[in-house]
Amino acid sequence: AQSVTQLGSHVSVSEGALVLLRCNYSSSVPPYLFWYVQYPNQGLQLLLKYTSAATLVKGINGFEAEFKKSETSFHLTKPSAHMSDAAEYFCAVSDESGSARQLTFGSGTQLTVLP
Amino acid sequence: DAGVIQSPRHEVTEMGQEVTLRCKPISGHDYLFWYRQTMMRGLELLIYFNNNVPIDDSGMPEDRFSAKMPNASFSTLKIQPSEPRDSAVYFCASRTGTTFYEQYFGPGTRLTVT
Chain A
858 AQSVTQLGSH VSVSEGALVL LRCNYSSSVP PYLFWYVQYP NQGLQLLLKY
908 TSAATLVKGI NGFEAEFKKS ETSFHLTKPS AHMSDAAEYF CAVSDESGSA
958 RQLTFGSGTQ LTVLP
Chain B
22 DAGVIQSPRH EVTEMGQEVT LRCKPISGHD YLFWYRQTMM RGLELLIYFN
72 NNVPIDDSGM PEDRFSAKMP NASFSTLKIQ PSEPRDSAVY FCASRTGTTF
122 YEQYFGPGTR LTVT
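Sequence order for the protein chains is A and B.
In this note's numbering, each residue's number is its place in the first sequence (first place is 1) plus 857.
In this note's numbering, each residue's number is its place in the second sequence (first place is 1) plus 21.
I should point out that these hints are in silico values taken from the structure, not numbers from a laboratory.
Model, not experiment: these values are computed from the prediction.
All residues carry an ideal CB built from backbone N, CA and C; glycine is no exception.
Honestly, I wouldn't trust all of these hints.
DMTMM-like, lysine to aspartate or glutamate: derived pairs with alpha carbons at most 25 Å apart [stated by the list, open to error]:
1) K915(A) / E872(A)
2) K915(A) / E123(B)
3) K906(A) / E65(B)
4) K906(A) / D51(B)
5) K89(B) / E65(B)
6) K99(B) / D77(B)
7) K925(A) / D51(B)
8) K906(A) / E123(B)
9) K926(A) / E123(B)
Derived Cβ-Cβ restraints for the label pairs, each shown as a range [to be verified]:
10) E923(A) / P75(B): 34 to 40 Å
11) T133(B) / A910(A): 42 to 48 Å
12) H939(A) / P75(B): 40 to 46 Å
13) K915(A) / T97(B): 34 to 40 Å
14) E923(A) / S87(B): 30 to 36 Å
Computed footprint of chain A on chain B, listed as stretches where at least three residues anywhere in the stretch have a Cβ under 8 Å from a Cβ of chain A [stated by the list, open to error]:
15) 61-70
16) 122-130
Work out the full structure, taking the sequences as your base and the hints as a guide.
What follows is the structure in structure tokens.
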């Protein structure tokens with residue numbers, strides 16, 4: 858069975874500081890991994906995805922994530938936070954086992970950007 | 022592309038009333054998912070369809086909930102009778118069968134049952 862753990866339900870950073878949101882996954886086979894962002898009163902928007910082509914994945918709005926198989930991690934980073942990055946971020950995993958056609962989402966991390 | 026369309030965006034109803042939420046997936050997408058999001062339980066998958074056929078409804082909380090997909094461009098999620106604990110944001114998402122399982126979400130319907 859696949860699962861996702863997001864460490865830290867709330868993260869606060871200062872504007873201009875590094876953003877690091879943590880995600881660890883459990884999967885019996887090589888997974889596909891995703892980060893979604895949810896702005897207030899909106900649906901989830903795909904930020905980036907890992908599909909085994911490259912371990913460092915670049916997404917929209919300057920975000921990137923690195924797949925580390927040895928650590929079963931897929932942490933999301935951005936070098937310099939902007940006020941507009943304040944939102945909730947969800948990590949998700951999908952693999953070929955079990956119900957192969959759905960995503961399993963983490964519990965989310967609320968990012969606050971301080972001026 | 023207009024993206025996934027959901028209606029209504031907000032719904033306020035009284036306990037015991039029937040509620041119908043609507044979703045139009047992205048054209049060409051053959052998978053459709055219904056999710057519920059609450060503070061307590063996070064994002065929960067309720068049911069999903071492939072080519073208009075329900076595949077997995079194990080997430081549907083109880084018999085008061087039902088979902089249909091009469092054609093490739095329309096799905097409904099119905100709650101009858103509604104209860105205050107059904108208050109949540111309900112999302113519809115869709116995807117094709119040829120992508121890496123990435124789903125595209127609608128803006129959601131915020132349901133309040135009083």
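Chain A over the segment 61-70 of chain B, status - at least 3 residues with CB closer than 8 Å: Contact hint for the segment 61-70 of chain B vs chain A: holds, 4 residues under 8 Å.
E923(A) versus P75(B) beta-carbon gap, inside 34 to 40 Å or not: Since E923(A) and P75(B) have Cβ atoms about 37 Å apart, the given range 34 to 40 Å holds.
Assessment of proposed distance window 42 to 48 Å (beta carbons of T133(B), A910(A)): The hinted range 42 to 48 Å holds for T133(B) and A910(A), with Cβ atoms some 43 Å apart.
Pair hint outcome, K906(A) versus E65(B) [Cα-Cα no greater than 25 Å]: This hinted pair holds, its Cα atoms lying about 21 Å apart.
Distance restraint between K915(A) and E123(B), which requires alpha-carbon spacing of 25 Å or less: Between K915(A) and E123(B) the Cα gap is close to 16 Å, so the pair holds against 25 Å.
25 Å Cα cutoff - pair K99(B), D77(B): Holds. K99(B) to D77(B) sits at ~16 Å (cutoff 25 Å).
Distance restraint hint 30 to 36 Å, applied to the beta-carbon atoms of E923(A) and S87(B): 43 Å, violated
Pair hint K906(A) and E123(B), alpha-carbon separation not exceeding 25 Å: 8 Å, holds
25 Å Cα cutoff - pair K906(A), D51(B): 20 Å, holds
Pair hint outcome, K926(A) versus E123(B) [Cα-Cα no greater than 25 Å]: At roughly 20 Å apart (the allowed maximum being 25 Å), E123(B) and K926(A) satisfy the hint.
Satisfaction of the hinted span 40 to 46 Å by the C-beta atoms belonging to H939(A) and P75(B): 42 Å, holds
Pairwise beta carbon distance, K915(A) to T97(B), judged against the given window 34 to 40 Å: 38 Å, holds
Violation of the numbered hints given earlier is confined to hints 7, 14; the remaining hints are satisfied by the structure.
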